Each structure stands twice: as structure tokens, then as C-alpha cells.
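Sequences are here, hints too, so could you generate the full structure?
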Amino acid sequence: MLGSKPRVHLYILPCASQQVSTMGDRGASNHSETTDFILAGFRVRPELYILLFLLFLFVYAMILLGNVGMMAIIMTDPRLNTPMYFFLGNLSFIDLFYSSVIAPKAIINFWSESKSISFAGCVAQLFLFALFIVTEGFLLAAMAYDRFIAICNPLLYSVQMSTRLCTQLVAGSYFCGCISSVIQTSMTFTLSFCASRAVDHFYCDSRPLQRLSCSDLFIHRMISFSLSCIIILPTIIVIIVSYMYIVSTVLKIHSTEGRKKAFSTCSSHLGVVSVLYGAVFFMYLTPDRFPELSKVASLCYSLVTPMLNPLIYSLRNKDVQEALKKLLEKKNISL
Numbered sequence: 001m002l003g004s005k006p007r008v009h010l011y012i013l014p015c016a017s018q019q020v021s022t023m024g025d026r027g028a029s030n031h032s033e034t035t036d037f038i039l040a041g042f043r044v045r046p047e048l049y050i051l052l053f054l055l056f057l058f059v060y061a062m063i064l065l066g067n068v069g070m071m072a073i074i075m076t077d078p079r080l081n082t083p084m085y086f087f088l089g090n091l092s093f094i095d096l097f098y099s100s101v102i103a104p105k106a107i108i109n110f111w112s113e114s115k116s117i118s119f120a121g122c123v124a125q126l127f128l129f130a131l132f133i134v135t136e137g138f139l140l141a142a143m144a145y146d147r148f149i150a151i152c153n154p155l156l157y158s159v160q161m162s163t164r165l166c167t168q169l170v171a172g173s174y175f176c177g178c179i180s181s182v183i184q185t186s187m188t189f190t191l192s193f194c195a196s197r198a199v200d201h202f203y204c205d206s207r208p209l210q211r212l213s214c215s216d217l218f219i220h221r222m223i224s225f226s227l228s229c230i231i232i233l234p235t236i237i238v239i240i241v242s243y244m245y246i247v248s249t250v251l252k253i254h255s256t257e258g259r260k261k262a263f264s265t266c267s268s269h270l271g272v273v274s275v276l277y278g279a280v281f282f283m284y285l286t287p288d289r290f291p292e293l294s295k296v297a298s299l300c301y302s303l304v305t306p307m308l309n310p311l312i313y314s315l316r317n318k319d320v321q322e323a324l325k326k327l328l329e330k331k332n333i334s335l
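For the sequence shown, counting from 1, position 29 maps to 29 in UniProt numbering; every step adds exactly one.
Zero decoy hints are in this set.
Derived DSS-like pairs (lysine-lysine); straight-line CA-CA distance at most 25 Å:
hint, residue 1, residue 2
1, K261, K318
2, K260, K318
3, K105, K115
4, K325, K261
5, K252, K318
6, K325, K260
7, K261, K326
It should be emphasised that the hints constitute simulated quantities derived from the structure, not laboratory data. The structure displayed is predicted, hence computed values, not measured ones.
What follows is the structure in C-alpha cells.
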């Protein structure tokens, strides 16, 4: 027994003993390499799991239906072959995939007794979610710039918002998302996880994982905060400056109908930006003192926003409504 390695005790002893044994063996190995995690989820009574299961299932079904439908409409209707709908189609793609990184596992865990997720699965979940959520932030900034050109310089819109520029903006959004995701994921999973392996969240995120670490988190948190500022501030500045020019230009329009039309094309985008960035600000730029409130904020941008985006853009957009009617009419005729 004296010759046995203390690594085994991480799995069979209480949390206090885990910390002692791991601290003694920290220089020899990193326990996170062989440890699965437990997604604790929401702290509610077991009777409410059925309600949460049905709620998550409904929301995810709406996400699939809305975003797949939006992409199908944009790809099949030639009238929607414009920069604005090119960005909107990519937004639906991003919403669909980053919600799919989280929702299926969360739904399964409402029925699962173990609620475990493998170390590799946790890495993949954090990496993909960080990739898509950061990409969406940059894509929303590109959409704000697109609206600025369309309203403030309409005669030059087709020239300035060329297919090449639109493709570059989308590719640049994915590139920034990938770089940010690599940095965030590598920083998180180089920590030593020596406390309980229960992640106090419904998916693997950097903040709940930090709570499990016995490493010194000061430098890690400073880098994470700086990275968040580098990502959020430029996109927020582009959006705010674009809409300052948009509002100034719209107010100069003499026609009431023209002002309404201009504002209607921007109000949907502003609504999406407000919900997403409000939740992200609360989640990542405030002290990590209220885990349950953090879960609610996470729900806003991981599931609620992807569900609402297709509804917001379709209900307030006549072109999308007409394209949907045309698509449904074609299906009825074929039947």
C-alpha cells in the first residue's frame, strides 16, 4: 500500500482527500488527462427534470426547424441572393451548430443517472461552442456594417458589398473564432483539476471548469478577461458606430414610410445583438459569484437566441415571408 501511487485516490476518496493527494502528486502527473467530468446541470428537484426535458426538447426542435428552414429559403429563392441574406444564412448555420453542441447532451442528461461527459467530449464541447459564439459576434458586426452601407451609401452598395468582401468578412469571422477558441480551450485544459469532477453547469464552459482547478488562476483570468475585451469591444464599437450613422441618416429621410422601412431592417438586428451581448456581458465580464444566474444567462445565448433569430428575421421581413409562401405553394402544387 505504501508503494501505491496517490493517483488512484482521486477517484475513491472524498473531495478533501482528493485535494491533498493531488497536491502531493501535482508534479508527477495531470489528473485531468484521465478524468471524466459530471455535468451537474440545474439545481432543481428531480420532479422538475421532466419539465426541463420537455422544455429543452421543444426549444431545440424550434431551433432545428427555424434555422434549417431559414437556410433552405435563402438558398432556394434567387431574390434573396444578396449580401444581407448571405450573412443571415451564415448566422442561421452558426446558431444551428453551436446550439447542437450543447442541447442534445443536456437533453440526454435529464434522463441519465451518471450525467458524465468524457474528457475528450468536454474539450470538444468547449472548443466548438467558443468557436461558434465568437464567430457569431464578429458576424453580427459584419451585418451591422452591411446595414450601414445599404442605408448610408445605397448607390454604392452593390459595389462596396461585393461577393468577395462578403466572403472575406465571413471567413474572417470564422478565423477569429477559431483563434479565440484554440487559446481559450488550451488555457482551460492545461489547468490541474484536483477538486470534485462535477461541473456546476449544463455544458463544459471555461468558468465552471476553473472552479475545479487547484492551479493559480490569476494569470489565467487576466488573459481570459483580456481576450474577452479584445473580442467584444471591437465588434461592439463597429455595431455602435454603424448604427449612429444609420440613425443619423434615417432621421434625415423626409418620408415617414421610408423611415419605417429603414428602421424595420435594423430593429431585428439590434434585438439579436442586445440579447446576445447582454447575456455575454453578464456571463464573462462580471464576478463569478452566482452560478445559477450564470446558467440562466448561458441559456439566453446558447438556446434562446438561436431559437428567436429565425422568428425575428422572418416575422419582420417581407422578403422572407414572400419567399416562404412561394416555397409552400410549390410544395402544395407538387403534392
